[in-house]
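J.: Here is how the chains run, residue by residue.
Protein chains: 4
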Amino acid sequence: MEPRDIFSMKWRVWWSETDAAGIMHFSKYFAICERLEEEFYFHIGIGEEARMAGRKIWFPRVHADCDYKKPLLPRTMYEVALTKIELGESSIKYSYEFRDDNGETVATCSIVTVTVTGFPPKKISIPKELRDILKSHGAIDRFSS
Amino acid sequence: MEPRDIFSMKWRVWWSETDAAGIMHFSKYFAICERLEEEFYFHIGIGEEARMAGRKIWFPRVHADCDYKKPLLPRTMYEVALTKIELGESSIKYSYEFRDDNGETVATCSIVTVTVTGFPPKKISIPKELRDILKSHGAIDRFSS
Amino acid sequence: MEPRDIFSMKWRVWWSETDAAGIMHFSKYFAICERLEEEFYFHIGIGEEARMAGRKIWFPRVHADCDYKKPLLPRTMYEVALTKIELGESSIKYSYEFRDDNGETVATCSIVTVTVTGFPPKKISIPKELRDILKSHGAIDRFSS
Amino acid sequence: MEPRDIFSMKWRVWWSETDAAGIMHFSKYFAICERLEEEFYFHIGIGEEARMAGRKIWFPRVHADCDYKKPLLPRTMYEVALTKIELGESSIKYSYEFRDDNGETVATCSIVTVTVTGFPPKKISIPKELRDILKSHGAIDRFSS
Numbered sequence: 004m005e006p007r008d009i010f011s012m013k014w015r016v017w018w019s020e021t022d023a024a025g026i027m028h029f030s031k032y033f034a035i036c037e038r039l040e041e042e043f044y045f046h047i048g049i050g051e052e053a054r055m056a057g058r059k060i061w062f063p064r065v066h067a068d069c070d071y072k073k074p075l076l077p078r079t080m081y082e083v084a085l086t087k088i089e090l091g092e093s094s095i096k097y098s099y100e101f102r103d104d105n106g107e108t109v110a111t112c113s114i115v116t117v118t119v120t121g122f123p124p125k126k127i128s129i130p131k132e133l134r135d136i137l138k139s140h141g142a143i144d145r146f147s148s
Numbered sequence: 004m005e006p007r008d009i010f011s012m013k014w015r016v017w018w019s020e021t022d023a024a025g026i027m028h029f030s031k032y033f034a035i036c037e038r039l040e041e042e043f044y045f046h047i048g049i050g051e052e053a054r055m056a057g058r059k060i061w062f063p064r065v066h067a068d069c070d071y072k073k074p075l076l077p078r079t080m081y082e083v084a085l086t087k088i089e090l091g092e093s094s095i096k097y098s099y100e101f102r103d104d105n106g107e108t109v110a111t112c113s114i115v116t117v118t119v120t121g122f123p124p125k126k127i128s129i130p131k132e133l134r135d136i137l138k139s140h141g142a143i144d145r146f147s148s
Numbered sequence: 004m005e006p007r008d009i010f011s012m013k014w015r016v017w018w019s020e021t022d023a024a025g026i027m028h029f030s031k032y033f034a035i036c037e038r039l040e041e042e043f044y045f046h047i048g049i050g051e052e053a054r055m056a057g058r059k060i061w062f063p064r065v066h067a068d069c070d071y072k073k074p075l076l077p078r079t080m081y082e083v084a085l086t087k088i089e090l091g092e093s094s095i096k097y098s099y100e101f102r103d104d105n106g107e108t109v110a111t112c113s114i115v116t117v118t119v120t121g122f123p124p125k126k127i128s129i130p131k132e133l134r135d136i137l138k139s140h141g142a143i144d145r146f147s148s
Numbered sequence: 004m005e006p007r008d009i010f011s012m013k014w015r016v017w018w019s020e021t022d023a024a025g026i027m028h029f030s031k032y033f034a035i036c037e038r039l040e041e042e043f044y045f046h047i048g049i050g051e052e053a054r055m056a057g058r059k060i061w062f063p064r065v066h067a068d069c070d071y072k073k074p075l076l077p078r079t080m081y082e083v084a085l086t087k088i089e090l091g092e093s094s095i096k097y098s099y100e101f102r103d104d105n106g107e108t109v110a111t112c113s114i115v116t117v118t119v120t121g122f123p124p125k126k127i128s129i130p131k132e133l134r135d136i137l138k139s140h141g142a143i144d145r146f147s148s
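From first to last, the protein sequence lines stand for chains P, A, D and Z. Residue numbering for the first sequence follows our numbering, beginning at 4 and increasing consecutively. Residue numbering for the second sequence follows our numbering, beginning at 4 and increasing consecutively. Residue numbering for the third sequence follows our numbering, beginning at 4 and increasing consecutively. Residue numbering for the fourth sequence follows our numbering, beginning at 4 and increasing consecutively.
In short, the hints are calculated from the structure, not lab data. All values derive from a computational prediction rather than experimental measurement. Hints should not be assumed to be uniformly reliable.
Because identical chains cannot be distinguished in the list, a pair is counted as satisfied if it fits within a single copy or across any two copies.
Straight-line distance between alpha carbons at most 27 angstroms, and here's what the computed DSSO-like set of lysine-lysine pairs gives [as the list claims (entries may be wrong)]:
(1) Lys131 - Lys13
(2) Lys138 - Lys73
(3) Lys125 - Lys13
(4) Lys13 - Lys126
(5) Lys13 - Lys59
(6) Lys72 - Lys87
(7) Lys96 - Lys126
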């Protein structure tokens with residue numbers, strides 16, 4: 004974990020995450036970022052119910068991207084860090100960094116969610132309580148929503 | 004498709020289904036059997052709503068198994084066939100066969116579902132309409148449920 | 004398939020591709036784009052061996068992104084189209100569009116590969132034969148590599 | 004961890020492992036058993052190279068099965084335990100148990116590997132060193148191979 008990291012975890016590259024090139028499959032990085040987001044919310048103590056305001060709001064993903072610098076090999080350990088959280092009016096952008104055993108960056112990713120309620124979903128502002136908690140963990144405001 | 008097959012499809016071994024041994028990952032066979040089951044029900048014209056009696060019943064999996072004889076290589080075509088459907092009072096057992104490009108059997112699998120309603124789920128009999136349709140496509144009765 | 008599409012296929016949203024929100028999981032779109040790329044190369048008749056020059060070259064992914072506009076529901080059919088191929092000196096950028104049953108765009112994605120040889124991988128130019136074939140199927144040159 | 008367990012770990016049901024029924028997808032249990040096997044070998048200190056005798060031997064899966072008793076819900080913690088290892092002449096059978104937060108068994112699975120060398124693979128005996136180490140961790144002999 005580096006000083007600027009908001010949260011990080013270490014996992015092994017499991018066999019089921021590799022492909023026939025002998026490396027972590029590029030699509031798995033996205034599931035791993037989401038996995039870290041889930042662990043982050045448990046870590047800071049926001050239960051599912053609280054975060055979703057009793058299931059009245061949810062957070063569909065509207066964007067995801069990754070840039071891959073080096074491959075991750077089967078059964079090696081890696082760290083994935085949540086390095087930045089940017090808050091729009093409705094959107095939350097999470098930035099991630101994957102590091103190999105030597106601490107070298109192997110990939111950087113970002114995922115953007117919007118805050119919605121109802122079905123069909125209607126875009127709403129991030130609830131104030133959630134915004135405050137995220138800011139107390141290093142999240143920053145940005146202009147665009 | 005062999006004479007005794009109830010239904011079959013051909014797909015390619017996609018890259019995302021392989022692992023670092025350079026073969027189809029063993030866990031993917033289960034998802035593919037389920038995929039064939041889905042296509043089978045559309046093929047015989049039982050819509051989702053009809054099969055689930057307007058979402059009042061559903062079919063959790065209680066058992067799954069596969070025996071692997073030979074590997075499937077990336078980007079080769081294979082056939083997966085639904086070879087048998089056995090009907091209990093509440094359970095449905097689907098048997099599957101995977102064949103490579105030469106028609107050789109590479110794996111055999113089976114999946115068992117039970118018919119339930121409500122939550123927590125309560126076991127019920129397979130609806131008569133569904134049983135009749137399945138039997139018209141070759142399903143057979145068996146004693147155990 | 005729309006006039007400007009280079010290639011497209013239709014698949015069903017299979018159960019194993021959905022998540023507990025009752026929609027296609029956002030990470031699956033990436034595997035599906037790759038799946039279409041694989042089918043595209045078979046479709047235009049470039050065998051694995053030819054494309055990889057007898058396994059001497061390969062195409063690691065260096066970037067992937069998706070923008071999600073609407074969810075895809077379980078068991079619905081969707082179309083995924085390869086809408087653009089842009090060729091750099093070494094890189095190939097594939098652009099994709101997902102459309103639901105009504106032809107509405109539900110997601111757009113892009114994936115960038117680089118052409119490398121050896122291990123550790125060394126960046127090389129796209130082989131002329133591959134470049135020519137891709138251009139004959141609508142690929143265009145771009146400046147950056 | 005129960006007294007008879009050979010090894011166990013706790014993980015959360017991550018979103019990417021769920022399906023539209025709002026539960027862990029049945030195919031994921033197999034990947035998780037394999038994941039535990041990987042962690043077990045690291046835990047007992049058998050490096051990849053040693054176990055595979057410098058990549059000369061490997062362990063294809065020839066059988067896998069699961070029985071599902073109760074669903075696992077998104078974001079809940081569960082324990083998966085390696086409860087038994089049975090050694091044939093060439094085969095290794097691993098038995099697994101999944102337990103929910105209350106310690107109740109939700110699924111039991113088993114996976115069988117064979118020991119092979121070369122390509123095409125030729126079945127060989129489990130190396131004596133590996134057999135001895137596994138027995139020192141509770142593995143037992145069985146008659147069939």
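J.: At most 27 angstroms between CA atoms: does that hold for Lys72 and Lys87 within a copy, between copies, both, or neither?
T.: Both: 19 angstroms inside a chain and 24 angstroms across chains, each within 27 angstroms.
J.: State whether the alpha carbon distance between Lys13 and Lys59 is at most 27 angstroms within one copy, between copies, both, or neither.
T.: neither (32 angstroms within a copy, 30 angstroms between copies)
J.: Under a CA distance limit of 27 angstroms, which applies to Lys125 and Lys13: within one copy, between copies, both, or neither?
T.: The answer is neither: 36 angstroms in one copy and 29 angstroms across copies each exceed 27 angstroms.
J.: Checking Lys131 and Lys13: alpha-carbon separation at most 27 angstroms within a copy, between copies, both or neither?
T.: neither (31 angstroms within a copy, 33 angstroms between copies)
J.: Between the shortest in-copy and the shortest cross-copy C-alpha distance, which are at most 27 angstroms for Lys13 and Lys126: within, between, both, or neither?
T.: Neither. Shortest intra-copy (34 angstroms) and inter-copy (30 angstroms) distances fail the 27 angstroms Cα cut-off.
J.: From the Cα coordinates, with 27 angstroms as the cut-off, is the pair Lys96 and Lys126 best called within, between, both, or neither?
T.: Classified as within: same-chain Cα gap 15 angstroms, cross-chain 32 angstroms, threshold 27 angstroms.
J.: Between the shortest in-copy and the shortest cross-copy C-alpha distance, which are at most 27 angstroms for Lys138 and Lys73: within, between, both, or neither?
T.: neither (32 angstroms within a copy, 29 angstroms between copies)
Hint compliance for this structure: hints 1, 2, 3, 4 and 5 are broken, all remaining hints hold.
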